[in-house]
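Asks: To convert, note that position 19 of the sequence shown is 561 in our numbering; the numbers rise steadily by one, no gaps.
Treat each hint with caution, since some may be false.
Straight-line Cα separation of at most 25 angstroms, BS3-like style, residue types lysine-lysine; simulated pairs [what the hints assert, rightly or not]: (1) Lys617 x Lys735; (2) Lys623 x Lys586; (3) Lys646 x Lys584; (4) Lys763 x Lys617; (5) Lys602 x Lys763; (6) Lys735 x Lys623; (7) Lys612 x Lys584; (8) Lys603 x Lys776; (9) Lys763 x Lys612; (10) Lys602 x Lys612; (11) Lys765 x Lys617; (12) Lys651 x Lys623; (13) Lys612 x Lys593; (14) Lys671 x Lys646; (15) Lys755 x Lys623; (16) Lys775 x Lys755; (17) Lys739 x Lys755.
Hints listed in this document are in silico derivations from the structure and should not be mistaken for laboratory results.
Quick caveat, the model's predicted, so the values are computed rather than measured.
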Amino acid sequence: MRSLSRLLRNILVILVSGLLFSCANINQNYSLLTNHFSILKKAKSISDLKKNDSFNPDLKKRLELIQEIKSFAVKNLSLRKTSSYSTYFDLGREAVVWNVLSVKKNSLKLDNWCYFIAGCFSYKSFYEKEKAEIFSNSLVTTKNREVAIIPIAAYSTLGWSDIFGGDPVLNTFIWNDEASLVRLIIHEMSHQKVFVKNDTVFNESLATFIEEKGVKAWYEKSKDDDEFHDYLKKKANRIKETRFSKRLKTS
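Could you build all of it, start to finish, from the sequences and the hints given here?
Replies: Right, here's the structure in full:
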């Protein structure tokens with residue numbers, strides 16, 4: 543059964559590579575898929591982990607919090623109930639992927655990378671930071687681009703990996719403060735509910751809008767005024783930092 547399962551998984555990876563990514567580099571996208579399937583395979587059921595008496599009690603509380611957030615999002619925000627966030631895996635690194643963003647010099651328009659079914663995205667993802675750096679350097683030297691490499695703590699497969707257990711909870715975000723966890727989980731679940739092909743700006747803007755409404759609703763329900771005020775303070779600081787950064791770029 544194990545060999546059959548492995549064979550079916552490899553066939554699926556090859557098929558998805560050809561269907562989803564026929565307009566891009568097959569080797570790189572095959573790597574993305576095999577890395578994702580590797581994470582799914584290694585992830586452990588949260589229900590099983592919680593039954594283990596020797597399991598880290600602090601980690602157990604964080605996993606329970608995420609499951610509460612997921613239930614809240616389904617019940618109160620009408621987001622989709624999927625298999626996501628029912629498993630856990632420790633990657634042993636700071637990010638799950640590194641996204642490469644690039645623009646032409648003196649331009650604000652991000653380059654796009656397009657896939658046959660999934661559509662176009664204004665970033666390209668790598669599971670290995672070194673490969674992201676190599677790709678970025680090639681854009682600078684051969685395409686005369688300005689680039690940025692962004693470490694990413696979580697991503698959504700839009701529900702397609704549900705049959706394999708869904709998107710797992712990862713160590714890359716599990717220890718975030720409560721408000722950040724609420725924002726992140728609701729943000730990624732929003733992508734599973736609504737996703738418009740070829741429009742990264744719309745998808746991210748909508749998910750951010752839903753996450754902000756979700757955080758407010760979460761704290762209204764919990765009646766934890768101190769946590770909510772702390773969240774609002776951090777949000778205000780983020781806005782100030784963003785505005786200051788924009789001023790620097792335009793000065």
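Asks: Straight-line Cα separation of Lys755 and Lys623 no greater than 25 angstroms?
Replies: It holds: about 18 angstroms lies between the C-alpha atoms, which stays within 25 angstroms.
Asks: Run the distance test for Lys612 versus Lys584: straight-line Cα separation, threshold 25 angstroms.
Replies: holds (22 angstroms)
Asks: Take the C-alpha atoms of Lys602 and Lys612, compute the straight-line distance between them, and say whether it is at most 25 angstroms.
Replies: holds (15 angstroms)
Asks: Given the hint that Lys763 pairs with Lys617, does the C-alpha gap stay at or below 25 angstroms?
Replies: holds (12 angstroms)
Asks: With a cut-off of 25 angstroms on the C-alpha distance, tell me whether Lys739 and Lys755 pass.
Replies: holds (24 angstroms)
Asks: Check the hint pairing Lys765 with Lys617 against an upper bound of 25 angstroms on the C-alpha distance.
Replies: It holds: about 18 angstroms lies between the C-alpha atoms, which stays within 25 angstroms.
Asks: Decide if the proposed pair is consistent with the structure: Lys646 and Lys584, CA atoms, cutoff 25 angstroms inclusive.
Replies: Status violated; Cα separation ~39 angstroms.
Asks: Need the status of pair Lys617, Lys735: alpha-carbon distance at most 25 angstroms?
Replies: holds (13 angstroms)
Asks: Mind checking the alpha carbons of Lys612 and Lys593 for me, to see if they're no more than 25 angstroms apart?
Replies: holds (20 angstroms)
Asks: Do the alpha carbons of Lys602 and Lys763 lie within 25 angstroms of each other, as the hint requires?
Replies: holds (23 angstroms)
Asks: Given the hint that Lys651 pairs with Lys623, test it: the Cα-Cα distance must not exceed 25 angstroms.
Replies: Since the Cα atoms of Lys651 and Lys623 sit roughly 35 angstroms apart, the hinted pair is violated (cutoff 25 angstroms).
Asks: For the pair we were handed, Lys603 and Lys776, check the Cα-Cα distance against 25 angstroms.
Replies: Holds. Lys603 to Lys776 sits at ~23 angstroms (cutoff 25 angstroms).
Of the numbered hints listed earlier, those contradicted by the structure are 3, 12.
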